[in-house]
Amino acid sequence: MEERWIDACALDDIEEEDVIGFEHGGQAYALYRTLDDRYFCTDGLCTHEKVHLCDGLVMDTIIECPKHNGRFDFTSGKAKGAPACIDLKTYETEIRDGRVFIKAD
Amino acid sequence: MIIIGSGEAGGCAAVALREAGWAGPITLFGEERHGPYERPPLSKELLTDTEPPRTRTSAEAKRFAELGVILRPNTRVAEISPERKLIRLQSGGSVPYENLLLATGARARLLKVPGSEYALTLRSFEDAWALRHLLGAGGHAIIVGGGFIGLELAASAVKLGGRVTLLESRERLLARAVPSALAERIRLEHARRGVLFHFGTALSRIERRAVILDNGERISGDVVVCGVGAEPETALARKAGLRIDNGIVTDDRLRTSDPSIYACGDCAASIHPQFSDKPMRFESWQVAREQGALAGRNMAGADERQSIVPWFWSEQYDLHLQIAGLPDLGETMVERILTDETQLQFHLDHGGRLVGAAALGKLSDLARDMRVAQMLIARNATPDPAALAATGRRLKTLLAA
Numbered sequence: 001m002e003e004r005w006i007d008a009c010a011l012d013d014i015e016e017e018d019v020i021g022f023e024h025g026g027q028a029y030a031l032y033r034t035l036d037d038r039y040f041c042t043d044g045l046c047t048h049e050k051v052h053l054c055d056g057l058v059m060d061t062i063i064e065c066p067k068h069n070g071r072f073d074f075t076s077g078k079a080k081g082a083p084a085c086i087d088l089k090t091y092e093t094e095i096r097d098g099r100v101f102i103k104a105d
Numbered sequence: 001m002i003i004i005g006s007g008e009a010g011g012c013a014a015v016a017l018r019e020a021g022w023a024g025p026i027t028l029f030g031e032e033r034h035g036p037y038e039r040p041p042l043s044k045e046l047l048t049d050t051e052p053p054r055t056r057t058s059a060e061a062k063r064f065a066e067l068g069v070i071l072r073p074n075t076r077v078a079e080i081s082p083e084r085k086l087i088r089l090q091s092g093g094s095v096p097y098e099n100l101l102l103a104t105g106a107r108a109r110l111l112k113v114p115g116s117e118y119a120l121t122l123r124s125f126e127d128a129w130a131l132r133h134l135l136g137a138g139g140h141a142i143i144v145g146g147g148f149i150g151l152e153l154a155a156s157a158v159k160l161g162g163r164v165t166l167l168e169s170r171e172r173l174l175a176r177a178v179p180s181a182l183a184e185r186i187r188l189e190h191a192r193r194g195v196l197f198h199f200g201t202a203l204s205r206i207e208r209r210a211v212i213l214d215n216g217e218r219i220s221g222d223v224v225v226c227g228v229g230a231e232p233e234t235a236l237a238r239k240a241g242l243r244i245d246n247g248i249v250t251d252d253r254l255r256t257s258d259p260s261i262y263a264c265g266d267c268a269a270s271i272h273p274q275f276s277d278k279p280m281r282f283e284s285w286q287v288a289r290e291q292g293a294l295a296g297r298n299m300a301g302a303d304e305r306q307s308i309v310p311w312f313w314s315e316q317y318d319l320h321l322q323i324a325g326l327p328d329l330g331e332t333m334v335e336r337i338l339t340d341e342t343q344l345q346f347h348l349d350h351g352g353r354l355v356g357a358a359a360l361g362k363l364s365d366l367a368r369d370m371r372v373a374q375m376l377i378a379r380n381a382t383p384d385p386a387a388l389a390a391t392g393r394r395l396k397t398l399l400a401a
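These protein sequence lines are chains A and B, in that order.
First residue of the first sequence: 1, per my numbering; consecutive thereafter.
First residue of the second sequence: 1, per my numbering; consecutive thereafter.
Bear in mind the hints are in silico, worked out from the structure with no lab data behind them.
Check each hint, because a few of them may be wrong.
Claimed, not checked - Here are the simulated DSS-like pairs of lysine-lysine, each with C-alpha atoms no more than 25 angstroms apart in a straight line:
id	chain 1	residue 1	chain 2	residue 2
1	B	62	A	50
2	B	44	B	85
3	A	89	B	62
Keep in mind it's a predicted model, so treat the numbers as computed, not measured.
Chain A on its own, in the form it takes in the complex (with noise of 0.2 angstroms):
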């Protein structure tokens, strides 16, 4: 199981209540930071056109699909606003030693 998880980046390297993307093994991801410093990561690709969701605009904690503001939870992986209906698939976090690590598939 350990060498699963994926040291993805430091704590610092994503700005609170924003997104950074991250590519493992050829698949993107996006990682998340909310006000409250809390660290979580979906699908680098939105569900519906496959652009960057690391180029969208956090707001609390919803995504926005950059190119036609699909909006997606980044907790749960949800759909919240067409034209983006499939939900994202969401990967555990884990916070060690000032590092953020994913739970990859």
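With chain A's structure known, arrange chain B on it following the hints.
Just chain B, lined up with the frame of chain A:
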């Protein structure tokens, strides 16, 4: 509840009606054989993707079955009888309504010159299917109109390996909606890719494979495509005696001159209190969606005023354009240089209120700031111009102010 028109606006209205608590029947009548589908790709990927094109069903239409929305495609509504509150179908029969929504959209405008019927236009999936076969490699497309449709078609034709000559009656591209500096950058990109422009031209005739200018010059190619704007579909509304003025006129609740009939999307000229006291018509995917949803809620009793900030995008080659609000209403402009290749303009009115924003360049550079700009416009914000220009400061911090 009846909705006439099965485009983006109609689909959003049907879902919103149900979500706002309307438990009775909802029927959506559309003349097309498809239910609501996504039209933005018609001028872009749908033409250039190698796999055979398919309609992309809109997110709302995928929920019709679950929400009990009845879709009646291939169905033409012949007449509305506002006194009796029913519609008559072309195929015979009538259907009563409690509230009716007109989401009839717009059709491609034709040039008023002989032979204009030879020119192809783009509104529907079928139009795109036809164009796909004619814009291919080696061909020479003559495109009339330097608006979004014309330019996106030009970019698609070039991408497919074709040649393009583009004719525009005015002296510049995108005169209606895009600030001139950005339009000029778009022109340069097309020119760099080999598109030939003729500005300030008037046509005297169109043939199947050529256009003849009013100075007698003849330009020959393989296909003529016209993208000279859209005209609202108002025939049903006019016949029903509703008020029309460049669209079906509505108040700020999207209600027409008949209190049981609403209109939204491309066919509607609505009052938008934030921008004007005269009816305005917007042609945008996002406005169609948001007005559809608002009309649905109001038909279910919400009594909500329109507060949508118009927003749209275009893609040509690797250039991404987004416009929010109404830059035309601005008197001063503040530029935010995002990167070497991406610029953003804020347009402020005489009182310093942000009324529009326009950005051109890379999607990844401009998307966040444009979304923030849209929210600032919605709030009638009067941001400090220095802060707008300060690239080092996150624009989002202005939302907290």
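Now for the hints, and whether the structure bears them out:
no. : hint           : result
1   : B:62 with A:50 : holds (19 angstroms)
2   : B:44 with B:85 : violated (41 angstroms)
3   : A:89 with B:62 : holds (20 angstroms)
Violation of the numbered hints given earlier is confined to hint 2; every other hint is satisfied by the structure.
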